[in-house]
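A.B. asks: The lines below spell out each chain.
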Amino acid sequence: MAISRRTFLLTGLAATSGLAVGIVFADDKAPAMPPYPHASATDLQPNAWLQVTPDNRIIFQLHKAEMGQGIMTGLITVVAEELGVAPEAIIRQFSGIHPAYLNPLFHLQITNASSSMVTCYQPMREAAATVRLLLLTAAAQDWGVPVAELDTRDGVVIHANSGKKAPCGDFVAIARGLPLPEKPAFKSPDQYRFVGRYNRRLESRDKVNGSAKYGIDITPKGTVVAVVVRCPHFGGRLKNFNADQARAMRGVLDVGPIDDSAVAVVATHYWYARQAADTLDIEWDAGALKGVSSQSIASDQRAALDALEAENNLPIARGSLSVEYTAGYMAHAPMEPMNATVAIDGDKVDLWVSTQAPDIARGAVALSLGCAPDRVTVHGCYLGGGFGRRVIADVAADAAKVAKRFGKPVPVKVIWSREDDLQHDAYRQAVTSRLYAELDGAVVKTWRYCVAGDSLIYNLFHVIRPVIFPPAMPDSEVEKIARKKMESDEKNLERIDEPLYQLGPAKVSQVFVQSGIPVFFWRSVGHSFNTFFLESFMDELAHQAKVESLAFRLKHLAPDSVESKLLKLAAAKAQWGRPKKGRFQGIALEKIKGALLAAVAEVSVRGTAIRVHKIVCTVDIGKVINPDIARTVIESGIVWGLSACLHDQITIADGKVEQSNFHDYALARMDETPEMEVYLVDSERSPVGVGESAVGLVAPAIGNAVFKATGKRLRSLPLKM
Amino acid sequence: MVNINVNGEEHSLDVDPAMPLLWALREELQLTGAKFGCGVGLCGACMVHLDGVPVRSCSTPLAEAANRRVTTIEGLDSAIGKTLQDAWVDENVAQCGYCQSGQIMSAAALVAANPQPSDKDIEAAMSGNLCRCGSYQRIKRAIHSAAKAHASGEKS
Numbered sequence: 001m002a003i004s005r006r007t008f009l010l011t012g013l014a015a016t017s018g019l020a021v022g023i024v025f026a027d028d029k030a031p032a033m034p035p036y037p038h039a040s041a042t043d044l045q046p047n048a049w050l051q052v053t054p055d056n057r058i059i060f061q062l063h064k065a066e067m068g069q070g071i072m073t074g075l076i077t078v079v080a081e082e083l084g085v086a087p088e089a090i091i092r093q094f095s096g097i098h099p100a101y102l103n104p105l106f107h108l109q110i111t112n113a114s115s116s117m118v119t120c121y122q123p124m125r126e127a128a129a130t131v132r133l134l135l136l137t138a139a140a141q142d143w144g145v146p147v148a149e150l151d152t153r154d155g156v157v158i159h160a161n162s163g164k165k166a167p168c169g170d171f172v173a174i175a176r177g178l179p180l181p182e183k184p185a186f187k188s189p190d191q192y193r194f195v196g197r198y199n200r201r202l203e204s205r206d207k208v209n210g211s212a213k214y215g216i217d218i219t220p221k222g223t224v225v226a227v228v229v230r231c232p233h234f235g236g237r238l239k240n241f242n243a244d245q246a247r248a249m250r251g252v253l254d255v256g257p258i259d260d261s262a263v264a265v266v267a268t269h270y271w272y273a274r275q276a277a278d279t280l281d282i283e284w285d286a287g288a289l290k291g292v293s294s295q296s297i298a299s300d301q302r303a304a305l306d307a308l309e310a311e312n313n314l315p316i317a318r319g320s321l322s323v324e325y326t327a328g329y330m331a332h333a334p335m336e337p338m339n340a341t342v343a344i345d346g347d348k349v350d351l352w353v354s355t356q357a358p359d360i361a362r363g364a365v366a367l368s369l370g371c372a373p374d375r376v377t378v379h380g381c382y383l384g385g386g387f388g389r390r391v392i393a394d395v396a397a398d399a400a401k402v403a404k405r406f407g408k409p410v411p412v413k414v415i416w417s418r419e420d421d422l423q424h425d426a427y428r429q430a431v432t433s434r435l436y437a438e439l440d441g442a443v444v445k446t447w448r449y450c451v452a453g454d455s456l457i458y459n460l461f462h463v464i465r466p467v468i469f470p471p472a473m474p475d476s477e478v479e480k481i482a483r484k485k486m487e488s489d490e491k492n493l494e495r496i497d498e499p500l501y502q503l504g505p506a507k508v509s510q511v512f513v514q515s516g517i518p519v520f521f522w523r524s525v526g527h528s529f530n531t532f533f534l535e536s537f538m539d540e541l542a543h544q545a546k547v548e549s550l551a552f553r554l555k556h557l558a559p560d561s562v563e564s565k566l567l568k569l570a571a572a573k574a575q576w577g578r579p580k581k582g583r584f585q586g587i588a589l590e591k592i593k594g595a596l597l598a599a600v601a602e603v604s605v606r607g608t609a610i611r612v613h614k615i616v617c618t619v620d621i622g623k624v625i626n627p628d629i630a631r632t633v634i635e636s637g638i639v640w641g642l643s644a645c646l647h648d649q650i651t652i653a654d655g656k657v658e659q660s661n662f663h664d665y666a667l668a669r670m671d672e673t674p675e676m677e678v679y680l681v682d683s684e685r686s687p688v689g690v691g692e693s694a695v696g697l698v699a700p701a702i703g704n705a706v707f708k709a710t711g712k713r714l715r716s717l718p719l720k721m
Numbered sequence: 001m002v003n004i005n006v007n008g009e010e011h012s013l014d015v016d017p018a019m020p021l022l023w024a025l026r027e028e029l030q031l032t033g034a035k036f037g038c039g040v041g042l043c044g045a046c047m048v049h050l051d052g053v054p055v056r057s058c059s060t061p062l063a064e065a066a067n068r069r070v071t072t073i074e075g076l077d078s079a080i081g082k083t084l085q086d087a088w089v090d091e092n093v094a095q096c097g098y099c100q101s102g103q104i105m106s107a108a109a110l111v112a113a114n115p116q117p118s119d120k121d122i123e124a125a126m127s128g129n130l131c132r133c134g135s136y137q138r139i140k141r142a143i144h145s146a147a148k149a150h151a152s153g154e155k156s
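Which chain is which? The protein sequence lines are A and B, in order. Position 88 of the first sequence, counting from 1, maps to 88 under the working numbering, and the rest follow consecutively. Position 6 of the second sequence, counting from 1, maps to 6 under the working numbering, and the rest follow consecutively.
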């Protein structure tokens, strides 16, 4: 256990939090622009996303992971609007890796942090408006008419005055030779045909007829399948193993270690490999985490908070409230189990993997094989869920190691079981927090927050190591840098750094208690616990002040703020204060990655069973591109939040995870899904991401309702009566 | 050798008869619509029909399917199957979409047996299918609308 402490006043923290992770490239120079992976000698291709072919096809390169959040439809709707063509008429392709596709917030080709729409909206409009203007300019030259008299619609250039029409493709050859326009004009909102209206998810048909290909579905000719048996104890090692029985089993091609803590079984079929793996007789060295449990981690966190409070010498004022909240570990558990396929053919390597970060996956494979990353081609596909898990390239590294060991020029597909997935994830961090506030009548005068838990940024630097550090850098050096980067880690303070309410001066402290359990970004990250803590605490303060919980919130918000409006709208839509008989309501507010949300939950409690009947959610995500898809993703966040606060929990015993499959890591099912109403409010703000937005406010809305129902204040996630 | 009929085609498979049907479909027949999710019959992503009855192919030995009719999402060409798929598209059910083959196979069996299911019927029939994206409310809506469309289609 390692500890690092920090305390600061909550002033200007929000301005620096969130994105400033401080990723430094090994080579700090701007990357040179190589040709696009899809470069063509005949198409119009003025940017990395769009191309128009001479036979009049428009092709879009999707550089983001489509993992359910609807970004494929979102980005294509934006470009379709500027091109004047229906979104479904644009051909969709998964892009390769290219510097043009780097996420400007993270300098990686990564789909994360609800950042796609916020970072891509403007570049997509520009990309499409440029293509349109080039085609119009080429047609104007060809026809000898002014550009201003031309328009494009549905793939055709139109000169209204003369009635002349021709397919866009006819002008590709001329357009290719034109200089790029500097500031192409955008369509004005009153001309919009698709943005704000288009509600059809483009890949839906493929996802209902079984034809959509996820990483696990891609099986190049000659593929062999491997399973990996990894030491169940985090930080443990392989001592020895006996594979005599496994080697003699049907279909088995190879058995052996792939690193110091894992044994792989390669077979012709998954099931043969799995059956053989079950017979392995393996002796593990449990390593440094032997004896570590969820309880010991929580008590280490409490001790660290005690020390922090003693150090800060914080007196408790009369009439104040001081409480402790906790949250346990969580697994991502996307429905598609982890898998990757690697084919080594001479010095050329192909990688098929469902990933949120193809450059991290490519780097991990290159590092495992000891080759240059540009030898590795990453092939895109749909992701069967991501939620942060598929930023990590552990399974791609597994596939590379097995392929290297196997040593034959055939593709090797590694498939993790659900048990592997739940026991070898990097988890939502477990934390212990203490909240304290002083009330002046019914107004919060001052407050403090301190939190103890693992550092995500520390783990992040290990995850992105293959992309940002030279391959030869020793592990000890990587470790040193990761520890140093912890100092800039404010992930455990998310939402606390932007409390939304006017609560007077705050003192915020955090201490990292490094448990050794791998932790990572999990849908909504710090909001997944801090929004619960803060919004529950607001209710506690309202109770103490004897003010109704909505009124207490509004008292601490500017009257005409979006926050106030969303809370009032949610209250009105949910008939706040007038729940059905036997039901109780709770309310919560959230701001995450620029999205603002309020929710009212309607709950009943029978014995120890919490039943959520209805959740009403009001949302401001700026300008909405695809309203119904946004609503589905908010519903998704609500169910995720519900699942997380009523069911899911990963617990640790003896340095390993106790859960193994969906019987003991239960997810919400249809019969417990509440009725959901989602209201998107009109907003002129630039669009923001929606993927993570609704997760955080579900638990506090439910917990606050449970308090009304029972008088019992629940201060731990998951919620247990 | 195990003989099975999948989506109307006869196949003779030279694999261990104890191999789960799921892996025979995916790895021998390259039918990847049925998905691996948990391997132990808890999530329903692998749902297929065996003589019209929904079964979890991850926990059904291939031998059990011998000389019987297997229908996968790729071969779901019944009128109700098509209507459900259309409703799924109209209601924007799929998000990541990974579980949806299994959801639709469960729904198709439900509506075939119970043409006008209530909310409770749908919950009872569908609660064995997990969706990590939480598309449940949309699934329920899609089943209702498909059942309605199917019923009016049969009348006309």
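Among the hints, erroneous ones may be present.
Simulated crosslink set (DSS-like; lysine-lysine; CA at most 30 angstroms straight-line) [what the hints assert, rightly or not]:
id : chain 1 : residue 1 : chain 2 : residue 2
1  : B       : K120      : A       : K580
2  : A       : K623      : B       : K120
3  : B       : K82       : A       : K565
4  : A       : K720      : B       : K82
5  : A       : K656      : B       : K148
6  : B       : K82       : A       : K708
7  : A       : K408      : A       : K221
8  : A       : K445      : A       : K404
9  : A       : K614      : B       : K148
10 : A       : K445      : A       : K565
11 : B       : K120      : A       : K581
12 : B       : K82       : A       : K573
Chain A stretches covered by chain B per the calculated footprint, using a threshold of three residues with CB under 8 angstroms from any CB of chain B [claimed, not checked]:
id : region
13 : 644 to 652
14 : 673 to 683
By construction, these hints were calculated from the structure, which means they are not laboratory data. The beta-carbon is built from N, C-alpha and C at its ideal position, and this holds for glycine as well.
A.B. asks: It remains to establish, for every hint, whether it holds in the given structure.
C.D. replies: Results of checking the hints against the structure:
1. K120/B x K580/A: holds, 20 angstroms
2. K623/A x K120/B: violated, 37 angstroms
3. K82/B x K565/A: violated, 43 angstroms
4. K720/A x K82/B: Violated, because 43 angstroms separates the two Cα atoms, which is more than 30 angstroms.
5. K656/A x K148/B: violated, 50 angstroms
6. K82/B x K708/A: Roughly 46 angstroms between the alpha carbons, so the hint for K82/B and K708/A is violated.
7. K408/A x K221/A: Given that 30 angstroms is the threshold and the Cα spacing comes to 13 angstroms, the pair holds.
8. K445/A x K404/A: violated, 62 angstroms
9. K614/A x K148/B: Given pair K614/A, K148/B holds - Cα atoms ~25 angstroms apart, limit 30 angstroms.
10. K445/A x K565/A: Within the cut-off at roughly 24 angstroms; holds.
11. K120/B x K581/A: With Cα atoms ~21 angstroms apart, K120/B and K581/A stay inside 30 angstroms; holds.
12. K82/B x K573/A: Roughly 36 angstroms separates the two Cα atoms, so the pair is violated.
13. 644 to 652: violated (count 0)
14. 673 to 683: Our answer is that it holds, as 3 residues pass the Cβ test (under 8 angstroms) against chain B, meeting three.
Of the numbered hints stated above, those contradicted by the structure are hints 2, 3, 4, 5, 6, 8, 12, 13, listed in ascending order.
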